[in-house]
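Chemist: Sequence:
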Amino acid sequence: MELTVLPPGKYTLVGIDVDTTGRRLIDEYGQYIMPYMNLNPAARQRHQVRVITVGFYRLLKCSQTYKVVKSKSEYAALKEFLDWIEKVHASDKESKGVIFIYHEERKFIPYMLLEAMKKYDLLERFFKTAKSFANGYEFAEKKYGATMKNVSLRQLSKLMLNEMVNDVVQEDQNNNSSENTSKTQVVDPNNFEGSATVRARLAYEIAMNLARQECQEKSAEKLQDFMLKTVNQYAHPVQVELDELQRESKNLERQNSFRPVFLQYFKTTLYHRVKAVKFRIVLAENGHDLNSLSTIWNEKRKEGLAEVIQNVPDLKAEEKTELVDLFDSYFDPVKSTIKPIVKRTRRRNRRNEFHYLQTSKT
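Counting along the sequence shown from 1, when you hit position 188 you're at 188 in our numbering, and nothing is skipped either side.
What the hints contain is simulated information worked out from the structure, not anything from laboratory work.
Since we're looking at a predicted model, the values are computed, not measured.
Worth double-checking, as some hints may not be accurate.
To be verified - Taking lysine to any residue pairs in the SDA-like style, the calculated list, with each CA pair at most 20 angstroms apart, reads:
1. K275 - Q310
2. K61 - L82
3. K320 - K339
4. K72 - T53
5. K302 - D325
6. K275 - D328
7. K87 - L13
8. K278 - E318
9. K316 - V274
10. K10 - K302
11. K316 - H272
12. K10 - N232
13. K93 - E104
14. K143 - K250
15. K320 - Q310
16. K229 - R212
17. K119 - E241
18. K158 - K229
19. K275 - T295
20. K250 - G287
21. K93 - K222
22. K128 - K275
23. K229 - P7
24. K250 - K300
25. K118 - Y234
26. K300 - K316
27. K229 - Q246
28. K158 - A146
29. K96 - T129
Said to hold, decoys possible - Quick list of the computed label-pair ranges, beta carbon to beta carbon:
30. E124 - A317: 20 to 26 angstroms
31. R106 - A146: 17 to 23 angstroms
32. V342 - K72: 42 to 48 angstroms
33. L59 - K119: 20 to 26 angstroms
34. E141 - F266: 55 to 61 angstroms
Backbone N, C-alpha and C define an ideal beta-carbon position, used for all residues, glycine too.
All chains, please: the whole structure from these sequences, using the hints.
Modeler: Next comes the structure, spelled out in structure tokens:
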């Protein structure tokens with residue numbers, strides 16, 4: 001029988017976040033990984049690193065300090081990461097394993113980490129230590145969902161920053177000793193976007209502060225126990241996450257099958273590109289792919305497509321009509337595939353006009 005809830009017990013909590021440039025920074029552990037492909041301009045701008053080539057070697061270079069960043073291959077970094085979490089787990093003999101705390105509205109970090117482990121056949125070793133992933137976003141949404149529209153790390157850090165500072169000051173005043181310092185590290189919320197280190201720390205600290213607000217006991221040991229019980233409610237075993245990853249992979253394959261149909265959408269405006277992505281996701285999540293819809297069209301033509309697409313939720317009536325007409329035009333060899341209508345605004349290009357006037361004077 002497959003477990004969908006993590007068994008109660010004592011676990012080691014670790015904050016985790018990932019930079020998608022190939023950088024994986026997990027709490028106290030951090031390592032740059034050389035990406036297979038060069039970084040796009042958006043990634044270079046956000047993370048301030050870029051890939052350079054010196055002879056036959058590819059290197060990561062920091063855009064701020066202009067120094068080469070020490071990096072490793074993905075396989076070497078993952079093995080080192082496994083060594084680190086095994087060491088953290090071994091430091092507490094009573095711990096049953098490691099729970100990774102992350103904070104995302106849309107789940108991405110567990111899938112990325114599991115996919116990397118699966119790629120290099122490291123899942124079995126990873127499962128021996130890692131027991132669960134817990135999304136702090138779900139915890140925060142339950143507590144602040146009625147009063148806050150967005151419970152992202154940035155918004156929560158702004159909300160809790162003053163409370164965290166006050167707690168530190170109050171504790172220092174009560175202890176009145178330079179030897180006793182708070183374990184809570186206050187991080188400026190304006191500096192976290194490009195650093196997975198800070199985001200991982202914030203995910204852990206925000207989860208601790210949310211637990212502190214509900215915990216009646218003020219001692220550190222009681223708070224840690226209460227936080228562990230709270231996190232357990234939102235923790236899913238790694239096997240559940242792996243099963244979800246496999247389902248998402250199948251959904252992604254179904255989405256990719258629709259790419260030829262929406263090719264003209266991706267060649268037009270951002271509005272139509274976003275609409276095409278939405279259509280592909282909704283159809284894939286309802287179990288449809290290009291082959292299945294093609295079979296329906298061959299059997300029942302346009303009426304069959306209309307019957308199937310009318311049962312797809314999360315779509316407006318005009319969107320369903322648009323999809324029926326689009327797929328019918330794609331499958332019918334007599335018709336040409338419908339192209340989206342782009343409404344262009346009549347605006348003068350002042351730069352070209354000025355250039356024309358300038359050249360006309362000469």
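Chemist: Determine for every hint whether it applies to the structure shown.
Modeler: So, going through the hints one by one against the coordinates:
The hinted pair formed by K275 and Q310 meets the criterion: a straight-line CA distance of about 17 angstroms does not exceed 20 angstroms. Between K61 and L82 the CA atoms are separated by roughly 26 angstroms; this puts the pair beyond 20 angstroms, and the hint is violated. Between K320 and K339 the CA atoms are separated by roughly 16 angstroms; this keeps the pair inside 20 angstroms, and the hint holds. As the CA atoms of K72 and T53 are separated by approximately 15 angstroms, the hinted pair is consistent with the 20 angstroms bound.
Distance hint between K302 and D325 is fulfilled; the C-alpha atoms sit about 8 angstroms from each other, no more than 20 angstroms. Distance restraint check for K275 and D328: the Cα-Cα separation of roughly 18 angstroms lies within the 20 angstroms cut-off, and the hinted pair is therefore satisfied. Only pairs whose Cα atoms come within 20 angstroms are accepted, and K87 paired with L13 is accepted, the gap being roughly 13 angstroms. Proximity of K278 to E318 is assessed by CA-CA distance (about 14 angstroms); at most 20 angstroms being required, the pair is judged to hold.
Restraint check for K316 and V274: the C-alpha separation of about 15 angstroms stays at or below 20 angstroms, so the hint holds. At roughly 58 angstroms between alpha-carbon atoms, K10 and K302 are farther apart than 20 angstroms, so this suggested pair is violated. Taken as a hint, the K316 and H272 pair is honoured in the structure, with Cα atoms around 15 angstroms apart against an allowance of 20 angstroms. In summary, the hint linking K10 to N232 is supported, as the alpha carbons are separated by about 10 angstroms, within the 20 angstroms threshold.
For the proposed pair K93 and E104, the alpha carbon gap of about 30 angstroms is over 20 angstroms, so the pair is violated. For the given pair, K143 sits about 34 angstroms from K250 by alpha-carbon distance, which is inconsistent with the 20 angstroms threshold. At roughly 6 angstroms between alpha-carbon atoms, K320 and Q310 fall within 20 angstroms of each other, so this suggested pair holds. Between K229 and R212 the alpha-carbon distance is near 12 angstroms, which keeps this suggested pair within the 20 angstroms criterion.
The hinted pair formed by K119 and E241 meets the criterion: a straight-line CA distance of about 16 angstroms does not exceed 20 angstroms. Taking the CA atoms of K158 and K229, the gap is near 26 angstroms; set against the 20 angstroms cutoff, the hint is violated. For the hint pairing K275 with T295, the CA-to-CA distance comes to about 24 angstroms; that exceeds 20 angstroms, so the pair is violated. Taken as a hint, the K250 and G287 pair is honoured in the structure, with Cα atoms around 9 angstroms apart against an allowance of 20 angstroms.
Taken as a hint, the K93 and K222 pair is honoured in the structure, with Cα atoms around 19 angstroms apart against an allowance of 20 angstroms. For the proposed pair K128 and K275, the alpha carbon gap of about 42 angstroms is over 20 angstroms, so the pair is violated. For the suggested pair K229 and P7, the alpha carbons sit about 11 angstroms apart, so the restraint of at most 20 angstroms is met. Between K250 and K300 the CA atoms are separated by roughly 26 angstroms; this puts the pair beyond 20 angstroms, and the hint is violated.
For the given pair, K118 sits about 24 angstroms from Y234 by alpha-carbon distance, which is inconsistent with the 20 angstroms threshold. Of the supplied pair hints, the one linking K300 and K316 is violated, its CA atoms being roughly 23 angstroms apart against a limit of 20 angstroms. Restraint check for K229 and Q246: the C-alpha separation of about 29 angstroms exceeds 20 angstroms, so the hint is violated. For a cut-off of 20 angstroms, the pair hint linking K158 to A146 stands: about 18 angstroms separates their Cα positions.
Between K96 and T129 the CA atoms are separated by roughly 8 angstroms; this keeps the pair inside 20 angstroms, and the hint holds. Between E124 and A317 the C-beta distance comes to about 50 angstroms, which lies outside the given range of 20 to 26 angstroms. Taking 17 to 23 angstroms as the suggested C-beta distance range, the pair R106 and A146 conforms, at roughly 21 angstroms. Separation of V342 from K72 is about 47 angstroms and conforms to the stated range, judged on CB atoms against 42 to 48 angstroms.
A hinted range of 20 to 26 angstroms holds for the C-beta pair L59 and K119, which are about 23 angstroms apart. Separation of E141 from F266 is about 33 angstroms and departs from the stated range, judged on CB atoms against 55 to 61 angstroms.
Comparing the model with each earlier hint shows violations of hints 2, 10, 13, 14, 18, 19, 22, 24, 25, 26, 27, 30, 34; every other hint is respected.
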